[in-house]
Amino acid sequence: MAQPEPTQEDNLTVEHEHTTHSQGFYLAIGAILLVLTVTTAVVAFINLGPFNPVVALLIATIKATLVVLFFMHVKGASEKMTGVVVISGFFFLAILLTLSLADYMTRSWR
Amino acid sequence: MHDSRAITSSGSTNVGSTQVMTADHEAHNPALLHHFADAQQQKNAASLGMWLFLVTEIMFFGGMFCAYLIYRLAYFNAFAAGSQQLNIWMGGINTAVLIVSSVTVVLAVKAAEAGKRKLLTGYLVVTVLLGMTFLVIKGFEYAEKFEKHHVPGSTFNFTEKFDDNGKQIDVNPKEAELFFSLYFVMTGMHALHMVIGCGLFSTLAVLAWKGHFTANYFTPIENGGLYWHLVDIIWIYLFPLLYLISRHT
Amino acid sequence: MAIKAATPVIPANQVPKLNYLTNGYTLKSWLLTTDHKRIAILYLISVSAFFFLGGFFAMLIRLELLTPEGDLMQADTYNKVFTMHGIVMVFFFLIPVVPAILGNFVLPLMVGAKDLAFPRINLLSWYLYIAAGVLFLHCMLSGGVDTGWTFYTPYSTAASNTNVIEAGLAIFIAGFSSIFTGLNFIVTVHRMRAPGLTWSRLPLFIWSTYATSLVMILGTPVIAITMVLVVAERLLHLGIFDPNLGGDPVLFQHLFWFYSHPAVYIMILPSMGVISEIVPCFARKRVFGYKFVALSSVAIAVFGFLVWAHHLFVAGISLYAALIFSFLSFVVAVPSAIKVFNWTATLYKGSITYATPMLYAFGFIGLFTIGGLTGIMLATIGVDVHVTDTYFVIAHFHYVMVGGVLMGYLGGLHFWWPKITGRMYPEGWAKLSALFVFVGFNLTFFPQFILGYLGMPRRYWQYPPEFQVLNVLSTAGASILAVGYLLPMIYLLWSLRYGPLAGDNPWGAAGLEWKTASPPPTFNFDETPVVTWEAYNYDEIPEPKELEAPVAR
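First to last, the protein sequences are chains A, B and C.
Under this note's numbering, the first residue of the first sequence is numbered 23, with each subsequent residue one higher.
Under this note's numbering, the first residue of the second sequence is numbered 26, with each subsequent residue one higher.
Under this note's numbering, the first residue of the third sequence is numbered -1, with each subsequent residue one higher.
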C-alpha cells in the first residue's frame, strides 16, 4: 500500500462522510415530525376499525425512519455497515415478535 | 523512518525496532488513541461501536414490546380502557418535546462540525433542558396515576370501563393492572434512559464549553446524538402504543 | 520428575525481555491495564476460579446421587446446589471462557492490530464480570437460589423465598460484560484488520468469534430485560408472568430462551473456531472448504435465533408453533455438521501429529457429534415429550458443553499457551490429563443418556434404587474428570517457571499471532504486518523444529 509521506495533518484529518444538510432542512424534518405526531393523535379519534393500530404504527415507523435517515445521518453515510447494523437490529426484534406470536396466535390463551 | 501505520509505542523497547521519540506524540492529535492507525479509523470504530450499542438497546426494549404485544392481543378491552385513562395531552406534548430535542441535537452536531463552540454548547444545554422538561411532565403524569389509583400493587383500583364508540364495556381489573404494569416498566425504563441521556449531554456541554471539541474532533457529540435519537425513537413508538389504543369514543 | 535449573532452548539474546508481562509489575499496572493480553489473563484467573466453584457444586450433586435416598442434604438444599451449579457454569464460565480469555488474547494479534478497538471498554467488561461475580457470591453466601438456572416463573417471581433478586441482577450485570466484549470484537474485526487481511483471508477463529459476537449483541439484551422484569415482578408484584394476576408464565420462557438458546451458540462457536485453528496446524494442511466453514459460523449464529421454543415443547405452546420450531432446530444442525465434515476432510491425507491440542480437538469432534446428534433427537417432538426433563437432556447438553466447549477451550489453552506465556507446558502430563478428561467425561455422562431414557428425572435429589448402578458409574467418572481438570492447573502453573522457552512459533502454525514474539510485546507487533497470503498456508510454512526434550532440563 503506497502512502504519501505522512504529515502531521494526516493523523488529524477526518473525512466527513455525510453531507451535512442545512439548518433549514433539519428544521423542516422536525416540523414534519411534529405534524405527524398531531396527525397520529387526531387519527386515533377517528374510528377506522382494525386499521387504527395499523395506521398508528405506520405513522410511527415513518417518523422513526425520518429520524434514522436524516437525524442519525444514515442516509448518505459512506459506511454501508451502518445501514446493515440498523436493519439487523430491527430484523431480529421482528423475529422475537413474529415467532412468539406464532405460538400465541395458534392457541387460545386467556 | 516514520510510517504512520507502524507501531509507535509509548516508549517500550522491542528487540529490532528503533527507539521511538516521544516528540512524535506531541505532533499527534491529542484525541487520537495509540492503538489506532489514524483519526479516521478511530472515528469509524467509535461510530460502529455506538451503532452496535444502539442495537442492544433495541433488543432490550424489544423484550418489553414483545410482552406488550402479546397481552394487548389477549386483553384488548382492558388495554384500551387503560389507554383511555392516560393523559393524551401530556403524552403528546412530551412527544413534541422529544422531537424538538432531536432537532437541537442535530443542530448541535452541525455546530460542532463548523467549530462553533458557543453555539454547540448552547444547543447541548437546550437539549438537556428539553430532556428535563420531558421528565418533569412525566413526573406529573405519574403523580396523576397515583392519584387515580392506577399504580399496580396494593393501591391499585380500576373501576373505569372501556368506552367503545359509546358502548361502556366492563373490564377485568387484573387485566387493566397488567396494562399499567407494562406502562410503568416501559415508560420507566425509557425515563431512566432519558436521565442517562441528560447526564451524558450535560457532560458533553461542559466539555464543549471548555473547548474540548474542534471541527476535526467531535465524535462524542455525534455518538451521544445517536443515543439521544434512539431514545426519541423508542418514545415515538411508545406514544401510539400506550396512549392511542382506542381513542374513538 | 526432577526439576533442574532452566536451560533455555533459545539463546538469551533472542528472548524478548520486554513483553506484555514484564511491562509493569505493580498491582495497579494490572488492575488498570488496557492491554487486551493482560485483560485476558485477568479473565483467565477469575473465570477459572468460577469454574472450580461450579465444579464444587457438581461434586456435591454427584455425591448426593451416589445413593438413591436423599441422605447427603435436604431437598431444598439440593435445589440450591444444582441451581448454583447451573448459574455459575453457564453465566460465569461457559459464556465468557473462550471469548474473554482466548478471544481477548488472540483476536487482536490474529488481525494484526495493536489492541482491541476499545481497550478501556474491555477493562470495563472485566470489572462488570467481577461485579456480577461478587454480587452472585454474596447471593450464594446469603442462602442462594433454588429456582434452577432457568428461573421459571411464577416460582421465581412469587413463590420462592430465596435470593432471586440478587441472582437476577448479577446475571444482568454479567450480561453487559458479555455485550461489551462482543461489541469490541465486532468493531475490531471490521475496522482494525491489518493491510491486506481481507475477510476471506481471516483465520476461522476470527469468523467464529465474530459470529459469536453477533449473538452476544443481539441476544444478551433480551435476558437483561427478562431479568429486570423478574426482579420488578418480585419486588412490585406486577403479574406479568403470574397466572394469578393475568400473566403468562410461558411468556417468561419465551423471553428467557430467546437468549438462552443463542447463548449456547455463544458457548460453542468460539470453541469450534479453536478447533478450526488446531486441526489444520496438526494435519499440516489447509482447511477443507474454508468458505463453507466461515459462512457456517454466521449461519449458526443467525439460525440459532430461530429455534428457542424447542425448550418449550411441553410447556403448553401450540402444536403448530412446536412443529415450526422443531423444523428450524433440524435446520440449525446443518451448519454444525458442515463444520464436522470439513474438519474431517481436512484431516484426510494430512500429516497428522498428536500433540495435546490435537488430542482435545479429536475429543471435541467426536463428543460434539454425539452431543449434536442427541440434540436432533431432542428436536424431534415425539422423542422430546418422552425424555424432556430427564437425564437424557442433561447428558445431551453436557456432551456439547463439556465434550464440546470445554475440550475446545483446553485445546486452545494448550495451543496458545506458548504464545501467552512464552513457555511450553509438559507434553507428557498434558496428554495424560487429556486422557483423564476424555475417559472421565464419558464415564460421567454416557450413563446419563441411559438413565434419562429409562426415565430418571432431572433435578431430583432421590431416585428409584434400580438407577443406582448407573449413577455410581457417573459419579466415578466425575472423580476421574476432576483429576483431569486439576492436573492442568498444576502443570500449567509449573510451566510458568520451569517450562522450556517456546520461541515465536513452536507449532509452525499459520496466523499472524505466531509472527510476533512469545510472549508478545505490549503493542503486539514491532511493525504492522501486511498480509499477502491466504489463511492456513501450510504448504508454505515449514514444519516446526523439534523442541529439545521439552520436559527434560
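Note that these hints are calculated values from the structure, not bench results.
Here a beta-carbon is modelled for each residue, glycine too, at the ideal position from N, C-alpha and C.
Hints should not be assumed to be uniformly reliable.
[Said to hold, decoys possible] Among the chain A residues that face chain C by a calculated CB cut under 8 angstroms, a handful are: (1) Phe112; (2) Ala116; (3) Leu118; (4) Leu119.
[Said to hold, decoys possible] Cross-link-like lysine-lysine pairs, in silico, BS3-like; alpha carbons within 27 angstroms at most: (5) C:Lys15 x C:Lys26; (6) A:Lys102 x C:Lys15; (7) A:Lys97 x B:Lys170; (8) B:Lys163 x B:Lys186; (9) B:Lys199 x B:Lys135; (10) C:Lys347 x C:Lys289; (11) B:Lys173 x B:Lys163; (12) B:Lys173 x A:Lys97; (13) B:Lys143 x B:Lys163; (14) A:Lys102 x B:Lys186; (15) B:Lys143 x B:Lys235; (16) B:Lys186 x B:Lys170.
Cross-check of the supplied hints:
Below 8 angstroms, beta-carbon pairs count as interface contacts, and Phe112 (chain A) has none with chain C, the closest being about 11 angstroms; its hint is therefore violated. The interface hint given for Ala116 (chain A) is broken, as the beta carbon of that residue sits about 11 angstroms from the closest beta carbon of chain C, more than 8 angstroms. About 6 angstroms separates the beta-carbon of Leu118 (chain A) from the nearest beta-carbon of chain C, less than 8 angstroms, and the hint is met. A distance limit of 8 angstroms between C-beta atoms decides the matter here; for Leu119 (chain A) the minimum to chain C is near 10 angstroms, and the interface restraint is violated.
Straight-line distance between C-alpha atoms of Lys15 (chain C) and Lys26 (chain C) comes to about 21 angstroms, which keeps the hinted pair within the 27 angstroms bound. At roughly 44 angstroms between alpha-carbon atoms, Lys102 (chain A) and Lys15 (chain C) are farther apart than 27 angstroms, so this suggested pair is violated. Of the supplied pair hints, the one linking Lys97 (chain A) and Lys170 (chain B) is violated, its CA atoms being roughly 41 angstroms apart against a limit of 27 angstroms. For the hint linking Lys163 (chain B) to Lys186 (chain B), the alpha-carbon distance of about 24 angstroms falls within 27 angstroms, and the restraint holds.
Between the alpha carbons of Lys199 (chain B) and Lys135 (chain B) the distance comes to roughly 50 angstroms, so the proposed pair goes past 27 angstroms and is violated. For the proposed pair Lys347 (chain C) and Lys289 (chain C), the alpha carbon gap of about 20 angstroms is at most 27 angstroms, so the pair holds. Of the pairs offered as hints, the one joining Lys173 (chain B) and Lys163 (chain B) holds, with about 15 angstroms between alpha carbons and a cut-off of 27 angstroms not exceeded. Of the supplied pair hints, the one linking Lys173 (chain B) and Lys97 (chain A) is violated, its CA atoms being roughly 45 angstroms apart against a limit of 27 angstroms.
Under the criterion of a C-alpha separation no larger than 27 angstroms, the hint pairing Lys143 (chain B) with Lys163 (chain B) is inconsistent with the structure, at around 30 angstroms. For the given pair, Lys102 (chain A) sits about 50 angstroms from Lys186 (chain B) by alpha-carbon distance, which is inconsistent with the 27 angstroms threshold. Pair hint Lys143 (chain B) plus Lys235 (chain B) holds up; C-alpha atoms about 10 angstroms apart against a cutoff of 27 angstroms. Between Lys186 (chain B) and Lys170 (chain B), the direct Cα distance comes to roughly 16 angstroms. Compliance with the 27 angstroms bound is thereby established for this hinted pair.
Of the numbered hints given earlier, the model fails hints 1, 2, 4, 6, 7, 9, 12, 13, 14; all others are met.
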